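Protein chains in written order, with this note's numbering: chain A, 1 to 399; chain B, 400 to 798.
Where hints are given, some of them may not hold.
Listed next, the stretches of chain A that the computed footprint assigns to chain B, with coverage defined by at least 3 CB atoms under 8 Å from CB atoms of chain B [unchecked claim]:
hint, segment
1, 219-225
2, 278-290
3, 312-321
In case anyone wonders, no lab produced these hints; they're calculated from the structure. Computed from a predicted structure; not experimentally measured. Built from N, CA and C at the ideal position, the CB exists for glycine as well.
Protein chains: 2
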Amino acid sequence: MTIAVTRSGVPGTNSHNLATSGVETTGTTPESRLPGGAGPDGTVKFVSIGALDLEAGGHLPDVTLAFETWGTLNADRSNAVLVQHALTGSTHVTRGASDEEGWWEQLAGPGAPVDTDKYFVVSINILGGCYGSTGPSTPAPDGQPWGSRFPLVTLRDTTAAEARLADAFGIGSWYAVLGGSMGGARALEWAVSYPDRVRRCGVFACGASSTAEQIAFAQAQTLAIRQDVNFNGGDYYGGPEPEAGLALARRIAHITYRSADELHDRFGRSAQGGEAPLEAVSLGDRGRYQVESYLDHQGTKLVRRFDANSYIAITEALMSHDVCRGRGPLREALAQAKAEFFIAAVDTDRLYFPAQSRELAAALPGNVPVHVIEAPIGHDGFLTEIGQLNTQLRQNFFA
Amino acid sequence: MTIAVTRSGVPGTNSHNLATSGVETTGTTPESRLPGGAGPDGTVKFVSIGALDLEAGGHLPDVTLAFETWGTLNADRSNAVLVQHALTGSTHVTRGASDEEGWWEQLAGPGAPVDTDKYFVVSINILGGCYGSTGPSTPAPDGQPWGSRFPLVTLRDTTAAEARLADAFGIGSWYAVLGGSMGGARALEWAVSYPDRVRRCGVFACGASSTAEQIAFAQAQTLAIRQDVNFNGGDYYGGPEPEAGLALARRIAHITYRSADELHDRFGRSAQGGEAPLEAVSLGDRGRYQVESYLDHQGTKLVRRFDANSYIAITEALMSHDVCRGRGPLREALAQAKAEFFIAAVDTDRLYFPAQSRELAAALPGNVPVHVIEAPIGHDGFLTEIGQLNTQLRQNFFA
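Isolated chain A, as found in the complex (with noise of 0.2 Å):
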C-alpha cells in the first residue's frame, strides 16, 4: 500500500475532480511513515488499498481512500479516533495546516473533546465519495471515469475498505469511532463488524437501520438526479453535469435536515428581497418566496462542490444501512459488539427521529442513555449543536 500527500488537500470548489485531475501529490511515502501522521495535519492524503469484492456482487480493482489525520499516534497506537463524516461531508472535520474550517469544530481540534493534541484523529472520505476516496469520478483500468459501471457499494463494503487504511496505520484497535446520520451509521457499522477494533463508539442522530421513510427520501433525491436532461446514464463526465438534478436532490435532503419550526422561524412567508410570489402573469414568471431562494442557494452550493453520481452512490449506500442484516435480530446482531456506546439525538430530528436512536440504544448490550440535543433546527443539530454534549462526551467518552 502507499500513500499520496497532497501539498494543499483542503477541499474547495469542484473537489469532486480532486482524484482525477486537481489534486497535485508531493510524493509517495511508505507505509512505516504512516504512524505519527503522513503529511501535514488537516490536509489530504490518499492510501491505496487494492481491489475490493463487494456485498452486492460488484468488484472494485484498486481502491484508494482519501483521508485526513490531526495529531500523533502514539507508541503503542492506542489513541486513534476515527470521525466518520455524513451524505455530503469531507474528510475535513477540523483544521489543521491550513486555516480552512472545519465541518465539525466544536467536536474536534485542540482543546476540544475529540482533542488532537490528545488523540490522533483520521477522517476518511467513504468509498463512493467525491472528496478524494474511489468514487464514480475517478478513472475506472481504462482509464475512463467510472460513470455508469460504478458498482453498488453499501455501508459494510466501506468499512471493509476503512479497515484496510487502519491495517495500513497498524491501528489494531481504534480509541473511539464516531460520527452523526450517515457518519453514525459509519461508526455503528463499524462496531459491529470489527468488535475487537471499536473501543468506544459514538452515534449521533442515527437509527440501527435506515427506514421505509429514509429510503424513500433517499429515492426521491436519487431519482431527481437520474431524471435531469444530463445524466446520461452517469456518463456525463466531459460534457454538461446534470446540476439541475443535484441541486434538486440537496433541496429535498435539506427541507428533511431542518425542521419546520427553524424553516418557519427563519423564512416565514416572507418574499425574497426585490422578488413578488404573488406577482405574475404567466405561472413561470412569479418571483420568490425566501425560503425558495435559500434552498436554491443551498442546492448552488452543493452543486459546486460534490458529484452527481456520488450522491447517488453514496445515498444508494446509505439505503443499505441495516446492523441486523444477516445477523439475526437487533439485540442479537448489537451483543457482537465490544464497544462502549454514546448515543445522542435532536430532539426536533425529523428525519432521524430520536425514537430510533431510543430503539438502538435500548438494544445495546448494558445500560446506555441517549442523550439528547436541545435544538430547534433539526437534524442538522447534531453538526450545530454538539457543544452541547461536550461535557458528557469529556466525562463519559473520552476522559
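Assemble the complex: chain A is given as a structure, and chain B must be docked to it using the hints.
Then chain B, alone, in the frame of chain A:
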C-alpha cells in the same frame, strides 16, 4: 352563464383531457334549471362564469368551472354544502348516478354527516385543475392549450370564481363550506373572503397559511416537473408529457402525506417481491425496496389521472394560501369571518402539523376546539379516518 351537463361525468384516467376533448355534453341548461340539481347526482357538470382578473396580475377571459352536486337544493336555498377537494382531488366526493366510489364517502352520502338526503352538496374542481375546470390543459382563446401561458392563480382567485358559481345557483350563503388539506385552505378563504356567505366552516388538517416548509416541499415538487426533459416550459401538449417529473413530484408529496411510522410498519426495509435491493453489479441495476415500489406505484397512478401543469398551478395556488394577506394579523383577519368553525387535525400529520390547526383555532373568534383524528397514517388521515369525527360533526355542525 351556461351549464353543460355531462353524460357520464365521472373522472377516469386521463381525465385531465376532460375539458379539452374527453367529455360528451348532453346539452346546456339555463341558470333557472340549476336549483335542485342540473343533471344526475355525482356527475360532472360545467358552468361558465365569465372573465376573471387575477390577484397576481393575470387575466382569464372565459372561465369554466366543473362541479358535481348531490341531493336537492331546498326552497329557501339554505341547505347547500360546499365540499372542497384537496390538491389532486376531483369533484367526485361521493358516488351518485354511477357507482364509482368517491374520495370522501365516510363524510358525504346518504346518512353520512354531510347527508345528501338532507343537504344539497356541491363540489367544485379548483380553477387551474384538470377535472374539468379551466386550467393549463384547456384551450386559451386561440384554441391551443394555455400551457406555459396559464396565469398564476391564487386561492383567493379560486374562491372568487367559486362565488360566481354560487351566484349561478342562487345560493346566497352556504350552510357549510368544508375541506381538508388544500380543501381546508379553500374553505377558510371562503369564510374570510365572504363572511356573509358561509354559515359554517370546516377546516381539516390545514392551518391559516402555507408555512415555509410547506412552500419548500411544494417548490421541490414543481421543480421535479419543470426539470423533466419533456416539460418544454409547460408547452408539452401533443407531445410526450413530463410524466417522470410528475411521478417524482407525487413521490415527494406522498411521503409527506404519510408518517414515518406508517411507512415503516407497512414496508420496513423489505425488498419488493422478486427484487434484490442489494444485488447489483453496477449502481443502477439493483432491485427496489418495497417502499420504492410503492412510491413508484403512487407516481404512476397520478400520472394516469393528472396533468403536470395543473399540478404546478394548484401547488402554486396552495403556496399562496395566507388568510392574513392584506388583512392584518391573524386574529384581525379571522375576526372578519362570521361562520361557526369546526377545526380538526390528524395527530401524526407531519405536513400540516396539529400545532398549525391549534394556532388557527386559538385565533378564531370564540372558543373553538381542535378535534383530533388519532391515526398513525399521517396527513392522509383527514381522508381515511374522518369517520372518527362523525359524531362530533353530527352533534356540533350538521345537526
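Hint-by-hint comparison with the structure:
no. : hint    : verdict
1   : 219-225 : holds (count 4)
2   : 278-290 : holds (count 11)
3   : 312-321 : holds (count 5)
In summary, this structure violates none of the numbered hints.
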